[in-house]
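**Student:** Listed here are the chains, written in short residue letters.
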Amino acid sequence: MPIWLPGLILSAFLYQNCGGFLANKSANIYSYQTAPTFFYDVQLAKVTVDSALRQSYQFDIAISYAQNPDSPLTYQMNFSTEKLNPVCPRSEGTLQADGKHFTVNCLIPTEDSLQVELIMVGPNNETVTDRFRF
Amino acid sequence: MALLFYILSILNSSLYAETILIQSHYPNSAYITQRLLPFSLSTNSGLKIENIRLFGTEDCQSLTDPFYPTIFHIYCFQPATMSVTAECRDANNQPVSLSLGTIVVTDIGQTATSSPTENSSPFTKPGGQ
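First to last, the protein sequences are chains A and B. Numbered according to numbering that gives the first Met the number 0, the first sequence terminates at residue 133, and the numbering increases by one at each position without gaps. Numbered according to numbering that gives the first Met the number 0, the second sequence terminates at residue 128, and the numbering increases by one at each position without gaps.
The shape of chain A in the complex, shown without the other chains (with noise of 0.2 Å):
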């Protein structure tokens, strides 16, 4: 076998997966399946433990009406274990056109995940509701 084979089968395979990588990250940027009616995303800033073993969660969240950035919108915030039992007060509000990026806490009792629902009205009435698991 020629001395050089391995090494070109090597760098054959390298630089297929790192194709495949970058076209990976690609695919996942843009995750609405249909045309959006929002523009939203929900992050979580960051989760504190305190000496009770309460469990602090900050979420960061940008919400759009996508036809039209300028519209009000409405939002809603449920919280509940992965049990669904509720906790926390719900958090709601009107979001103007240049309030469309806030922070919302949560504090928890007891280890467990969290599980958010938010809810996102239109100027039209649109309702469109998602849920995320942390």
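Note that these hints are calculated values from the structure, not bench results. What you were told as hints is all true, and nothing was included just to trick you.
Here are some chain B residues pointing at chain A (derived, C-beta under 7 Å):
hint: 1; residue: Q22
hint: 2; residue: Y25
hint: 3; residue: P26
hint: 4; residue: A29
hint: 5; residue: P37
hint: 6; residue: Y74
Values in this document were obtained by computation on a predicted structure and should not be read as measured data. We put the CB at the ideal spot given by N, CA and C, even for glycine.
With chain A's structure known, arrange chain B on it following the hints.
**Tutor:** Then chain B, alone, in the frame of chain A:
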């Protein structure tokens, strides 16, 4: 308005001038990594985005929205500072280049955010409801 990035009169033809508005859907404080950042182009005539160019970073990607032809997105995997140019075609199929200026994307928790004014629930009691 704070969301306005740029107002540009273009197409210096003798026939007319066109005004194009590039508008961010989110305020600057929402520019964090791992978040799709939408921007809208609005114009008094037809406009189609052909390409979005990001200068100064290799950690971000741009894409035109597959459902809304006048909306594009920027997504950053890492914190980045970049200048953004949108290359478009107007209703007369003429090329139009628009600059958004500099955009700074940071990691989560490094931007100033505000809680919504209505009925928000900062740090609630355990077992709240």
